[in-house]
Amino acid sequence: MKKNFLMDGLRRALEDLDTEKVLQYSRQIKMIAFDPLMVINGALIPAMRNISNAFDEGSLFVPQLLVAADAFEQSIKILTAKMSGSQLKKLKNGKILIYTVEGDIHDVGKNIVNIVFQSNGFEIIDLGRNVNAHKVIDAAQAYDVDMIISFALMTTTLPRQRELIDVLEEKGIRNKYNVIIGGAAASYQWAAKIEADGYAGSISEGIVMTMNLIKEKVEAV
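Take the sequence shown: its letters are residues 387 to 607, numbered as in the working numbering.
Read the hints as simulated data drawn from the structure, not as lab findings.
C-beta atoms are modelled at their ideal positions from N, C-alpha and C, and glycine is treated no differently.
Not one of these hints is a red herring.
Here are the simulated lysine-lysine pairs, DSS-like style, with alpha carbons at most 27 Å apart:
| id | residue 1 | residue 2 |
| --- | --- | --- |
| 1 | Lys603 | Lys481 |
| 2 | Lys416 | Lys388 |
| 3 | Lys562 | Lys603 |
With beta-carbon atoms standing in for the labels, derived distance ranges:
| id | residue 1 | residue 2 | range |
| --- | --- | --- | --- |
| 4 | Asp530 | Asp402 | 36 to 42 Å |
| 5 | Glu443 | Glu406 | 23 to 29 Å |
| 6 | Arg560 | Gln410 | 45 to 51 Å |
| 7 | Asn561 | His520 | 15 to 21 Å |
| 8 | Ile418 | Tyr574 | 45 to 51 Å |
| 9 | Glu556 | Lys601 | 25 to 31 Å |
| 10 | Met540 | Lys388 | 49 to 55 Å |
| 11 | Ala419 | Lys562 | 36 to 42 Å |
Model the full assembly from the supplied sequences, consistent with the hints where possible.
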């Protein structure tokens, strides 16, 4: 009963962007030795998904999103203190490389995705902006990522997303990585044309798509 009360309180506090209460509930939960994984999956991540949906719908904005992400991160640190490496690994839904294509210096959307995806249990490798395809592939191999998300904010840089897929094909490793495209210039039609694995028109859609693609990849092994 007490555990459920605390989990519900933690979820509501995060959705209300009340950092002080988030930390209070996190410390109380830590004191009663409740399974951190259950708390994260049952309270924190559902709250962040609701926050992501609110952001997509326009009822929350970037400053509130940053407050939620910071509270989430602080709660995670409290709950996972003294957890082993193998236990911490279970918190990750997958490893994703994100970047903005060569010739494009816009990265606000990418940075928002970085924040929200980390809050939903993904490990993010952020290469920044104005990154060429060969550097992306080198990093994907070095970090052994599950997925690459390519952002293009200008129509003039869209061909760079196609270039990534072409180079992956040339190297014979296209099937090793799921490739999702995003950014203001991208679209479902463009994703189909360049044979990307998907296009996400919103953050919440991107999270669901990413989880499904990574799950399919794991099950196929």
